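A.B. asks: Listed below are the residues making up each chain.
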Amino acid sequence: SPSTNPTAAPTPANPNLILATTTSTQDSGLLDILIPLFQEKTGYVVQTVAVGTGAALKMGEEGNADVLLVHAPASEKTLMENGFGKDRFLVMHNDFVIVGPADDPAGIKGTADVVEAFNKLASSGQTFISRGDDSGTDKMEKSLWVKTGVDPSGQAWYLESGQGMGATLTLASEKSAYTLTDRATFLANQANLQLSILFEGVPALLNVYHVITVNPDKWPLVNYEGAMAFANFMTSAETQVVIGQFGMDKYGQPLFFPDADKTDADLGLN
Amino acid sequence: MDLIKTIFSDPEVWQITILSLKLSGLGTLISLLIGLPLGTLLALGKFPGRSFFMSIVNAGMGLPPVVVGLMIALLLWRSGPLGSLRLIYTPSAIVIAQTVISAPVVTGLTAAALQQLNPRLRMQLMGLGANTIQVVGWLWWEARLSLLAALMAGFGSVISEVGASMMVGGNIRYQTRVLTTAIVLETGKGQFDFAIALSVWLLLLTFIINMTLTWIQQRGVRS
Amino acid sequence: MDLIKTIFSDPEVWQITILSLKLSGLGTLISLLIGLPLGTLLALGKFPGRSFFMSIVNAGMGLPPVVVGLMIALLLWRSGPLGSLRLIYTPSAIVIAQTVISAPVVTGLTAAALQQLNPRLRMQLMGLGANTIQVVGWLWWEARLSLLAALMAGFGSVISEVGASMMVGGNIRYQTRVLTTAIVLETGKGQFDFAIALSVWLLLLTFIINMTLTWIQQRGVRS
Amino acid sequence: MSTVLEIRDLQIRRGKNIMVEVDHLVVEQGEVLAIIGPNGAGKSSLLLAVALLLKPARGSILFNGFKITNNSDTQYRRHLGLVLQEPLLLDTSVFENVAAGLRFRHTPRPEIQLRTETWLKRLGIEHLRQRPARKLSGGEAQRVSLARAFALQPDLLLLDEPFSALDAPTRLRLLDDLHDILSETDTTTLFITHDLKEASNLGDSMAVILNGKLHQCGTPDEIYSNPKDDDVRAFLGLAAN
Amino acid sequence: MSTVLEIRDLQIRRGKNIMVEVDHLVVEQGEVLAIIGPNGAGKSSLLLAVALLLKPARGSILFNGFKITNNSDTQYRRHLGLVLQEPLLLDTSVFENVAAGLRFRHTPRPEIQLRTETWLKRLGIEHLRQRPARKLSGGEAQRVSLARAFALQPDLLLLDEPFSALDAPTRLRLLDDLHDILSETDTTTLFITHDLKEASNLGDSMAVILNGKLHQCGTPDEIYSNPKDDDVRAFLGLAAN
Ligand SMILES: Nc1ncnc2c1ncn2[C@@H]1O[C@H](COP(=O)(O)OP(=O)(O)OP(=O)(O)O)[C@@H](O)[C@H]1O
Ligand SMILES: Nc1ncnc2c1ncn2[C@@H]1O[C@H](COP(=O)(O)OP(=O)(O)OP(=O)(O)O)[C@@H](O)[C@H]1O
Ligand SMILES: [Mg+2]
Ligand SMILES: [Mg+2]
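Protein chains in written order, with my numbering: chain E, 70 to 339; chain C, -7 to 215; chain F, -7 to 215; chain A, 1169 to 1409; chain X, 1169 to 1409.
Because the hints were derived from the structure by calculation, they are not lab data. Watch out, some of these pointers could steer you wrong.
Derived pair list, reagent style EDC-like, types lysine to aspartate or glutamate, alpha-carbon separation capped at 16 Å [what the hints assert, rightly or not]:
1) Lys1289/A - Asp1354/A
2) Lys1303/X - Asp1259/X
3) Lys216/E - Asp182/E
4) Lys178/E - Glu269/E
5) Lys1365/A - Asp1259/X
6) Lys1365/X - Asp1345/A
7) Lys181/F - Asp101/E
Reference excerpt, derived from the structure (chain E facing chain F, CB under 7 Å, subset only) [what the hints assert, rightly or not]:
8) Asp96
9) Gln116
10) Thr117
11) Gly132
12) Asn133
13) Val219
14) Ser222
15) Gly233
16) Ala257
17) Asn261
18) Leu290
19) Glu294
Computed from a predicted model, the values in this text were never measured in an experiment. All C-beta atoms, glycine included, are put in the ideal place defined by N, C-alpha and C.
So that you can see chain E by itself, here it is in the shape it has in the complex:
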């Protein structure tokens, strides 16, 4: 590696870079590893702002961030189509799982298909906690309900927490309820929870992360060089290795799977 020596770090013309990302990425601890590496390598000073997915996208849309790391493919598409994002790179994925009380009163364990699992949840009347915050997770959940044909909103068994994943998991645990979560956050919180993974491992439940650079044509103040440097860093072979190994020591399994060499289509996204 040619430029790991900090004294030799290059100094970019505009070193300040604002990265808007979602709380779940920050809460997993991955960024605590990656950001220092990036700063050391490139000389940029990153201001990582962890907010809700919606807010992160909005920050991109209004030019208040230079680069985004998000996981809401549908909304990302809109952002790109409206010209607010310039480039979009596939970085990594993990997956969503359905968690709930270990005795699984709704009986979703062993169902073959996620839509069936959701149908069972709806018909069982067991409490389900939705994040209801327009986050990537929330959007995934909503899209699944659409596929079931059930409109859960306003139902007595359907609670909207309006909070981040960690808090929502705690809420679900306290209420002995089901919820949809990304695997990383669940693993990080597992010790405090009385919840088990009851449904997992289908392609429909992939949680895909992209890096998006904000379009400097729309917002001239945006640090596009920095954004590209970050995108390149995230998709570089070295970084991809780091991502693939993150979490192995603590959980015995990786929290994210590197995807820079793949395309959206490979992951079943259209």
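Chain E is already provided as a structure; the job is to place chains C, F, A and X with the ligands on it using the hints.
C.D. replies: The following block gives chains C, F, A and X with the ligands in isolation, referenced to the frame of chain E:
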């Protein structure tokens, strides 16, 4: 403009508003019921450790809502000692947390206000045959300007607080979502316009309430 | 126990602690520099709209940190009118937000404290030949108990606040992460033990600072 | 005639120092005792101690033969009418100030009305009835303070320089009035004054306090004709013999 | 002899009512004017207006020939020594209370020390030097208030019932002292008193204020021998003729 219309025609906004006012009102009331007597005791009583206790109360004015939220959640979670009460994620839990936050404010400011009074006034009242309650009643009256300020500060700390309500209330839609937690949610969603509209609405409510209290307060100014 | 050791041996905790104290101290100081004169003016001045302005200030005691955070972010974001100052996600932004939160508290409580004084005292001071500054200085001295309580309430609102620091500071590691935002982060990560340890540490700091102020305050009690 | 107030071996400290010492002092039913002495002698402190508003370091105070303790303080104080040296009025109307003590005793409303009005009139402040007490002249405030005590029809009146701010004609009239009222109602009274003439005119007896010590107690005649020591003589302005 | 203070067509309101009206009043250099009148007549209000602490509704006050306005108020007040009816002491030591006015004027330290000590001694409170002012007896507090005004060596002394709480011997001594000091230093003085004897002894002239109006002004002899109307006569306790 459109947004304002949207807000007021949205029944959910009204439900959240009413819940916010109910919970904050209750929290302030309980803080008052605790803080007024306790502050009075600290100001007028003579007992060992008074000054130390006063420090605790004053330090309590800086209780971070998130810390309060976390502590109370630890108590109320199923795994906690009071888990069997099943209070977590209920409006009651919010009221408890808000009381913990604002009671020290009311207590500390009450104590300071009463200590500021001329100590001979208390003698004069006792000399007129007032019993303890009557003495305290009149001293409250004499310190009413500062006590109303204490009330406003207490109410302010409760209506504006979000960390604790979020944590122990859970921000559950239709159940424990209040104005501040709704604002946080909308902000997180990137719905800045809606968040601002809710903020303005919350500020307006606070302003109306504190304007009423200020009006009461300022009628009592000595000139 | 182990956790306490971990905390104190972690240089990052120290960095966060020192930043928190620096920013909160600065925020409180600026609030004092604004609130003390402004509260004095509101209490002693006679001008049209005084009472209305007083309402605004008192309502300001209930400014929700999240709202303040959102408003200031809207100003300081690149898309906002002050975006070119490049203050967003800097410690300065946090100080600005904290000042906006605590200045009304200090102002409102200062005004109430001074209005509570015997108005003839002011006459007596003027009669002794005191100019305005000298009059005000002595009135502050006479109201010192309540003013110190105001200071503590102001500091308390600043050190405990999280919503605004999060929003305008961004909770950026080594740059704008303060104790309260760190607690939120650790809570979000499910690291409750660490979050609690940080909470206790924050409470301890607040307690020590307000105990010192209480000690100063209580030396001045008339008996 | 019975003893209303008896003070035994009283010692009052303020701060570290012994401020007042009274070995023995007896006040009989209906007696008017004038307390005189220089500034800082301890007159007000003695009065406060009698009203149980200062805790004595030592000694006892007997009221109608019973030793008063902190337990019975409010009950005891409801037998008193107290006028302090500065008229500390409550921040309400003049009427409510005068009525305050009666309200504390849960006196029936019409009775409160009657007594308050009577004393407002007697002290020439009935036109100030609705005035906020903070908007009074010095003399008016003192009158309110006096009315407030008299309206209680107390068994024991404690007055601390109650006429110092009154104008000359009022003072003369009130002294006359008071003499009649007190003997009519047989009210035991302790009053502090700096006016030696007032003391000997109104007082059945006089107590001379110098430097925290009760030097002499007796009828005005006794004291003037036979002052106990040079200090008393000097204070009364009598030539040394 | 020059005119120090001249009041023209003065009208003071408190609330809605006209409280004091003085058509014309002149005080010459070195003159000691005693202001007398019943409670609530408006004496204190007049004094406050002269000190520019109450804004008159109408009229003007001239000091050494210059009309005083709100713009020059602090400068003007630094010529004054003011003792209000209640001794409003600052919550600090007795010494600092007496020194306060001098400190406001940035008087040099040694001078402050000297003058303060002088007046503490003259008023017999030098032993209270370090005492917190809130721990004083009524008379002691009044002495501090007096020392505070005298230490300023003012051109114009304004005293509102300054001796009401002093004990008899001190009062007599101080009145004697004061007479000498005032004529020695040629200090123009307005003082309010309820003691008619005091007024005619200390005052070169007297002003009788009744019900908010200046009824008569002149030397004590003039007023006593030739009271202007029945009201003045009645107030002075003279038989109607
Ligand atoms: N703050 C006030 N607001 C309205 N009226 C007042 C105020 N203070 C005093 N007054 C009234 O003004 C009148 C004059 O008061 P002032 O204090 O000048 O009387 P005074 O002659 O000094 O009487 P005293 O001998 O009792 O001191 C009185 O009737 C009094 O009730
Ligand atoms: N709060 C206090 N703490 C300590 N000492 C005090 C306090 N109040 C008064 N003293 C002192 O106690 C002594 C007695 O005071 P007291 O008020 O009884 O005097 P007094 O005889 O009423 O005098 P005066 O005629 O001036 O009213 C004085 O020397 C005074 O300085
Ligand atoms: Mg006294
Ligand atoms: Mg007066």
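A.B. asks: Broken hints, numbered, in rising order?
C.D. replies: As far as the earlier hints go, 1, 5, 6, 13, 14 and 19 are violated by this structure, in ascending order.
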